[in-house]
Amino acid sequence: MSIFDQISAWLSDPDHWKTTLGIAGIPQRLAEHVQYTVLAVVIAAVIAIPLGAYIGHTGRGGTLVVGIVNSFRALPELGLLILLVLVMGLALALEAVTIALVLLAIPVLLAGTYAGVRNVDRAAVDAARGMGMSEWQVLVKVELPNALPLIFGALRSATLQVIATATIAAVVSLGGFGRYVIDGNSQREFDQMAAGAVLIAALAIVAELLLAGVQWLVVSPGLRKNSRGRARVR
Amino acid sequence: MNWIIDHLPQLLSVSGEHLQLALVPVAVGLLLSLPLAWVANRWPVARAILVPVSALLYTIPSLALFVMMPLLLGTKVLDPINVQAALTIYTVALLVRAIADALAAVPESVIQAASAMGYRAVGRFFAVELPLAVPVLIAGVRVAAVSNISLVAVGQIIGVGGLGFFLLQGFQSSPPNYQEIVGGIVLIVVLALVVDGLLALAGRALAPWNRKAVSR
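Sequence lines, in order, name chains A and B.
Note that the first sequence covers residues 1 to 234 in UniProt numbering.
Note that the second sequence covers residues 1 to 216 in UniProt numbering.
I should point out that these hints are in silico values taken from the structure, not numbers from a laboratory.
Fair warning: this is a prediction, and the values are worked out from it, not measured in the lab.
Check each hint, because a few of them may be wrong.
Said to hold, decoys possible - Here are the simulated lysine to aspartate or glutamate pairs, EDC-like style, with alpha carbons at most 16 Å apart:
1. A:K141 - A:D121
2. B:K76 - A:D191
3. A:K141 - A:D126
4. B:K76 - A:E189
What the hints assert, rightly or not - Covered by chain A, per the in silico footprint, the following chain B stretches (three or more residues, Cβ under 8 Å):
5. 67-81
6. 143-150
7. 167-181
8. 189-201
Each residue gets a CB set at the ideal place from its N, CA and C atoms; glycine is no exception.
With the hints as extra help, turn the sequences into a complete structure.
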């Protein structure tokens with residue numbers, strides 16, 4: 001039996017779809033993975049997007065943001081997860097993992113929002129001020145809508161990074177699709193590992209497509225050509 | 001850091017292994033990306049295929065991609081080549097798009113001037129278009145190198161992880177060995193920052209006209 005047949009056999013086995021005797025089925029693992037991801041991305045967005053918008057609007061602290069983002073890229077996710085879980089204790093593993101995921105998502109969102117607001121056409125901002133808009137109105141009515149393509153770009157990369165890291169969280173005894181890879185590896189069941197990998201990849205791709213769809217609906221059509229996020233100023 | 005001092009010889013050799021796992025894919029990925037980016041820039045159809053496929057591959061989480069490699073390559077599950085092949089895919093996915101965009105951004109007037117001076121397509125690519133794309137290329141290579149160095153550690157979950165070994169071993173010993181874990185993290189970050197710095201210097205040397213833009 002080829003490995004592809006083994007994967008489809010594993011995935012189509014009804015036993016793997018229901019939770020029995022405390023062994024979680026695929027729907028429950030999916031729910032766990034989505035739960036970790038949504039929680040972390042929402043917390044990170046609530047912190048990072050207003051902060052990034054403020055820094056982008058005032059221009060203060062921009063260099064610091066870029067520096068933080070670059071140094072976080074070097075930090076090994078696995079190490080951060082392990083360290084936080086050990087420090088907080090295995091009983092608080094979920095909280096520790098959530099903090100790790102939030103810490104990884106914040107720099108991405110912060111940089112994207114900052115760059116988005118910063119790179120809004122200065123002529124548009126000046127025109128808004130000239131029309132008598134307050135600073136708050138400039139930010140909310142002009143800068144943020146124009147920054148949406150970059151903010152969404154950051155939201156998509158942050159979500160992907162969180163999904164990927166939540167996979168690794170299975171190492172520190174959490175659930176989610178990563179369990180299949182870890183358990184399959186320790187039980188030497190390659191079909192389980194490979195099926196888990198397929199599920200993880202599918203989840204990431206579906207999340208990316210969903211967010212891309214939302215972005216298409218939310219972002220003003222006039223900005224679509226620039227949605228690559230190429231800086232227009234400079 | 002007693003632990004680092006006690007294990008120095010082992011750490012140096014594992015660091016070498018770690019760098020090899022992370023950077024061979026960067027080199028191979030760069031070599032593969034250049035012709036692909038050239039093709040993508042030249043034919044819109046190729047671009048319409050290559051760019052979305054790259055984005056799709058970049059979407060797949062690292063652990064999943066590591067595990068999928070034996071399926072695609074027919075290698076053994078614990079073969080280091082799996083990690084290197086997966087990281088090569090990420091590097092190509094990142095660079096093809098960036099280099100294709102950089103090539104597309106070369107002003108038409110520059111290309112026409114080069115043609116008027118007698119350059120043919122191939123010579124013009126290497127003498128004019130590619131050098132102008134160097135700042136973007138170096139920026140992409142830096143991102144790929146730094147994220148690869150950090151991602152190698154994830155490979156430890158399937159048994160190939162360079163310095164990631166110390167992270168998991170420190171976690172699994174009882175009581176947990178904090179020095180080992182922190183030492184591993186610090187070494188990985190230091191390796192990433194050193195490689196990033198060296199690449200930034202290389203970028204300055206290769207594109208002296210662009211010094212301000214390269215050092216982001």
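Quick rundown of the hints versus the structure:
1. A distance of roughly 14 Å separates the Cα atoms of A:K141 and A:D121; the hinted pair therefore holds under the 16 Å criterion.
2. With a C-alpha separation of about 13 Å, the suggested pairing of B:K76 with A:D191 holds against the 16 Å cut-off.
3. As the CA atoms of A:K141 and A:D126 are separated by approximately 13 Å, the hinted pair is consistent with the 16 Å bound.
4. For the suggested pair B:K76 and A:E189, the alpha carbons sit about 13 Å apart, so the restraint of at most 16 Å is met.
5. Residues of the stretch 67-81 of chain B with a Cβ under 8 Å from some Cβ of chain A number 5, which satisfies the need for three, so the listed coverage holds.
6. Evaluation of the coverage hint for the stretch 143-150 of chain B: fulfilled, as 5 residues show C-beta separations to chain A shorter than 8 Å, against a requirement of three.
7. Coverage of the stretch 167-181 of chain B by chain A holds [criterion: at least 3 residues with CB-CB distance below 8 Å; count 7].
8. Interface restraint, the stretch 189-201 of chain B with chain A: holds (4 residues with C-beta to C-beta distance below 8 Å; minimum three).
The structure meets every hint from the earlier list without exception.
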